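Participant: Protein chains in written order, with the working numbering: chain A, 1 to 389; chain B, 1 to 389; chain C, 1 to 389; chain D, 1 to 389.
There's no promise every hint is true.
The list treats identical chains as interchangeable, and a pair is accepted whether it falls inside one copy or across any two copies.
Said to hold, decoys possible - Think about it this way: if two alpha-carbon atoms lie no more than 30 Å apart in a straight line, the pair counts; the simulated DSS-like pairs of lysine-lysine are:
1. K144 <-> K174
2. K379 <-> K220
3. K144 <-> K67
4. K216 <-> K174
5. K379 <-> K67
6. K144 <-> K220
7. K67 <-> K220
8. K216 <-> K67
9. K216 <-> K144
10. K216 <-> K28
11. K144 <-> K28
12. K220 <-> K28
13. K144 <-> K379
What the hints contain is simulated information worked out from the structure, not anything from laboratory work.
Source: prediction; values computed, not measured.
Number of protein chains: 4
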Amino acid sequence: MTRSAGWLSLSVLAALCLLSPAARAQNKPRARDLGIPFDGTAGPLNAITDVRGVEVGHSTLISGEGKRQVGFGPIRTGVTAILPRGQQSSSEQVFAGWFSLNGNGEMTGTTWVEESGLMEGPVMITNTHSVGTVRDAVIAWWVKHGQGNQPWSLPVVAETWDGYLNDINGFHVKPQHVFEALEGAGSGPVAEGNVGGGTGMICHEFKGGIGTASRKLDEKQGGYTVGVVVQCNYGLRHQLRIAGVPVGREISENLVWSAETGSIIVVVATDAPLLPQQLKRLARRASLGLARNGSISGNGSGDIFIAFSTANPGAGNSTGLVQLTMLPNDRMNPIFEATVQATEEAIINALVAADTMTGADNRTVGALPHERLRQVLRKYNRLREAAKN
Amino acid sequence: MTRSAGWLSLSVLAALCLLSPAARAQNKPRARDLGIPFDGTAGPLNAITDVRGVEVGHSTLISGEGKRQVGFGPIRTGVTAILPRGQQSSSEQVFAGWFSLNGNGEMTGTTWVEESGLMEGPVMITNTHSVGTVRDAVIAWWVKHGQGNQPWSLPVVAETWDGYLNDINGFHVKPQHVFEALEGAGSGPVAEGNVGGGTGMICHEFKGGIGTASRKLDEKQGGYTVGVVVQCNYGLRHQLRIAGVPVGREISENLVWSAETGSIIVVVATDAPLLPQQLKRLARRASLGLARNGSISGNGSGDIFIAFSTANPGAGNSTGLVQLTMLPNDRMNPIFEATVQATEEAIINALVAADTMTGADNRTVGALPHERLRQVLRKYNRLREAAKN
Amino acid sequence: MTRSAGWLSLSVLAALCLLSPAARAQNKPRARDLGIPFDGTAGPLNAITDVRGVEVGHSTLISGEGKRQVGFGPIRTGVTAILPRGQQSSSEQVFAGWFSLNGNGEMTGTTWVEESGLMEGPVMITNTHSVGTVRDAVIAWWVKHGQGNQPWSLPVVAETWDGYLNDINGFHVKPQHVFEALEGAGSGPVAEGNVGGGTGMICHEFKGGIGTASRKLDEKQGGYTVGVVVQCNYGLRHQLRIAGVPVGREISENLVWSAETGSIIVVVATDAPLLPQQLKRLARRASLGLARNGSISGNGSGDIFIAFSTANPGAGNSTGLVQLTMLPNDRMNPIFEATVQATEEAIINALVAADTMTGADNRTVGALPHERLRQVLRKYNRLREAAKN
Amino acid sequence: MTRSAGWLSLSVLAALCLLSPAARAQNKPRARDLGIPFDGTAGPLNAITDVRGVEVGHSTLISGEGKRQVGFGPIRTGVTAILPRGQQSSSEQVFAGWFSLNGNGEMTGTTWVEESGLMEGPVMITNTHSVGTVRDAVIAWWVKHGQGNQPWSLPVVAETWDGYLNDINGFHVKPQHVFEALEGAGSGPVAEGNVGGGTGMICHEFKGGIGTASRKLDEKQGGYTVGVVVQCNYGLRHQLRIAGVPVGREISENLVWSAETGSIIVVVATDAPLLPQQLKRLARRASLGLARNGSISGNGSGDIFIAFSTANPGAGNSTGLVQLTMLPNDRMNPIFEATVQATEEAIINALVAADTMTGADNRTVGALPHERLRQVLRKYNRLREAAKN
């Protein structure tokens, strides 16, 4: 089940020769590199950072092994920061909208997103029991760097639960890790798998974590980009479908759960000039990408999605009148399709990137075995034999 | 209880000499004319039609008397049409938002308002059992006059229940009444009381119906206008407060209900350039104006509110990119205050305008007695002795 | 493209020998009979009527041919009625919840469903421009048969748009058709395809319409049944996936639309004792079943879902205290999975059942070709060769 | 403006002789004691703790004076804990529902309240920038005392902003204060005014803070109790109405704000057996009580309300089937009325209880002057001369 040594089979090696830039940056293949077929045209990095201005940073905490001692580890967790307008303009608001497909989770700040249509500052993702620390640390960071629009702050912080591998009740995420994720954020390729908030996550009973993908519309559709980041931690094995293929039923060993205990956070970014109610529509579409991979959005799942637009730089101005540009609803279908596709692919990217991990109490969660996956896709005539991005 | 003869007391006569233009048009006093104090500055007509472009039309059905025979009457009902951009541009969409304070009622078309942020065509108000007829008749009217933005139509039609005075199960509203309300719509003063959809309505156990009011912001606040129309049919007597005075406890005779069975529809119009999520905020504020008059929004009440903005004439364009203007959230407080105030006053205007009515089964619902009301206000030191607009 | 003659290939004939009872009742194969693989265990009828007490009735209007003359036809439309507790107890309320995935459509009565948690009377489905007629006719039917819980009625009526094949602006659905659907409702197999409200519908650019399916949980999961009815009218061809197979890319001829103009209504019934907020969760799951078949929930789509529970027969009592039974949230996962699966299958059942139809202006929409579909499934190793229920 | 010495006028002294038990416990008068008229019958304590089982605890932080030095004070803040079923059963869930009238604020945990209909653990209220610390500390407390229903926790923590008087960016609330509030919680009278989360709050430009009130229905209405706690920090002076009297226009000196920057959190408890969707209805009614006191729910306000029921002790069971009792919707009106009334009174109680406070940068916010208030009420014939509870 582990992929530490054996996964570099010949066919995967062949695939690696054709790796996309982002994959080479991570020195490992991404889903497309393995020959998984996806619809639509990805952006240059196939990452949320294809949306100009968006920056992503991770702080990854991995230490200790063996038996869990609450407060001492082992630690398998972290923080991921997504800055809509980058560090240079972190308090410049963006239009945003959110949706909860199944609300067994937390995303702070959403009441004001819903009311105002605006989001100020980053989207942060961490583990369930560190949401508070991360939230207040974002405020502390703002206090240090100069305030935003109001004298108070309502940061957006989301989570999934990593208590299977991580000493989650030890509260190991500290303000310094939040600052690290924020200050380390950048454009360019986005690290995937066991990084940042995704470090200790589990998806369809394989190792999960952070994944990203993007779509670039053609010029007739406006030439817009849609980018997605997921922190995926949901699902039972038997439910997993990849490119429509019942992969979870074919690779049925090394299961983790008797009942689902996961979640997924999806962050959708676009440069299309969408208003808040339109961004809610995008957030809802993340459900459809998730469903393509087999999710039933189980009772224990915190499946919470947020979408923002980097267009309309003055959206958050507080004086005068704001001049805006809006894409008509009638032109949104390509953006809906891009959102569904990029969500679908970002999840598979997370599964492909995550490495086998051993954590608390010596529990091991195996990575999705790449070569085995290719065999299954081939069985169902869904492998792109000469895979390239 | 009736006001037919006795209400023209001397003090009211004095008030009438100072009547506002709208009151003179109706040849009866409005709430301000009676000396009821309201906060804020009304527009010239103190009506929703102070918002440029908005037109209102009524079709009023009153016929028959005596014992109710289902299908034969007596008939005390009607239809009111509010056209955001007037008849000349009835298919040009407006940004809109809605809110249900208590959903024991119907407002069709809201699912698309919520999704798109836009409303096409008029807001119609009628009785509960005629919503369907009115809805399809609006489509028929569009079919006749050329379609809107889509090949299908999702009209906005709301209702309150007039079955106490009206043979509601006789389904007396016909398509022709809908066309009449639409085609008779105009700017200028708005008839109040027992007209249009409000014909048979009851409010705080006085005769209710249609009411309107407006507020004009000063230039520093943007100079915007907020106008409100209500069809009010809610409330028990003891709950009624007017200008903070417990009027319902002071005028406690001639009660109608043992339990509340009413509703109120509030339509808010503004020329301020608000986006859909901002208009939802306005719609929610209608609750606060309603509450000032004592409502607890009872279980049987359909308290459903919709707000639209006549700004941004291209809001509904379906091609290219739409250029919009937005008032910042930070500048909305005067508009919130105006909405609360205009809702509060529109309800009292309805009560003041409605005349005593006898309907089905010889049931009579008395009008709010004007002179008595003035006595109560005086008792609580809340009467403006030299009342004028 | 038509299936009138050629579809009874040998392999389909073989499948027909193994037809399920419901399929035999309709004298045509259903999706499973063609060898399409679905997860989960269907109920005896694989229909919403597997939920005890639920009754379904259709009124189908097909007449005229040739050029469209508004008001004269051709007519390809109808009405479908779903009665949660059957005709014998049509005013006994059920707990219910609803969800709008994309709200370019209408479902009346939902404001009260959301507020009260209860639904009284049937769910009706028709064409977009007949919602009003159907709504008021349901009230008329109640007036005739004795009222429900309140002196007013707020019927639930949903729609999709059949204007491509049907003279929708002719308003051909009349109250008598509503009564016919209601009074013809029964338990047992449910007619699918070009019937009732689904008569003129189009799905993924094949002929669509009414479809149904069910799931029966095993006893350890509570033994509950989940049943679904869809009126499907959504989607572009290239998006269609069946059992994960990209069928729409393989069968790409005879397209209908340049842009999506469809919708889907999903009605979910269960005998599991769920509270209103739990039924909203079911309604949301319909999105996931829809997504498995490739929908992106386009801008023009009215994708509106409602779920109800036939358990707790006293849910709508208005006096005393009501004793209820609730399934804990922690036990809902099998019901979520059943809802996703039944929705997925009901849509494919609609596609499989619908026959090629020629309507207004001699437009023809072809049925999904059964044998061709089997070939495509075989190509992707997803055909159950010895198909049976 | 200050009340430190002069407020004990003769008439107030007279009132004090008739003080209710709760007022005597605090050694100061409450709103009723001053002769302010309220509708409805209060419970024995006129506090949320009249709902059996509910416990309230405060941790109050007051230290330092003079110029603000971020991180060093002055400190005027705290934490309030409301435990629905008391400390003895803090992880036993209650049915709950929430509503945001204006979402410029935070209430964590609401996504799961909305999804599940349940709330686990306490409702915590603090200042805006300490929400995270309080949230994670609640989890730490649970970790120490044994977990709840899930291996993860999603605490409900709300806030208002005290940065005018308090060094809010100094993050002075620590986990120990959270534990103190939780472990000090008890039944009995509830301290009001400058305590707990309300320590540094401002309401209608008077000193605000914590307030509470209750209503007891008569036996014919079920004999249920409704209790409310508010942390009130909203409103401009001119908007303030008390018992319908325009108090804010009469007492117009010593203003604080040029624009509203406040919020209000309302917590509603009842022992009536209400389901989650019914509790959302209660939460919405808090808006109406708030409106009676003049609020327009300004843009800067986080007006967020939550309601829970202590009935149905097994509501959160996770196995088997749960047997529940429900009050029919048709019987909810007295509970709606009680919620509106108790919210109205709890706010005035907070104003009456709060003492003048000097905080950061030597800013002083004056208390509502009791004797002056009585004069104003008398002017409008609204003073109960022989005030008693």
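Participant: Which numbered hints are broken by the structure, listed smallest first?
Facilitator: Violated hints: 2, 4, 5, 6, 7, 8, 9, 11, 12 and 13; rest satisfied.
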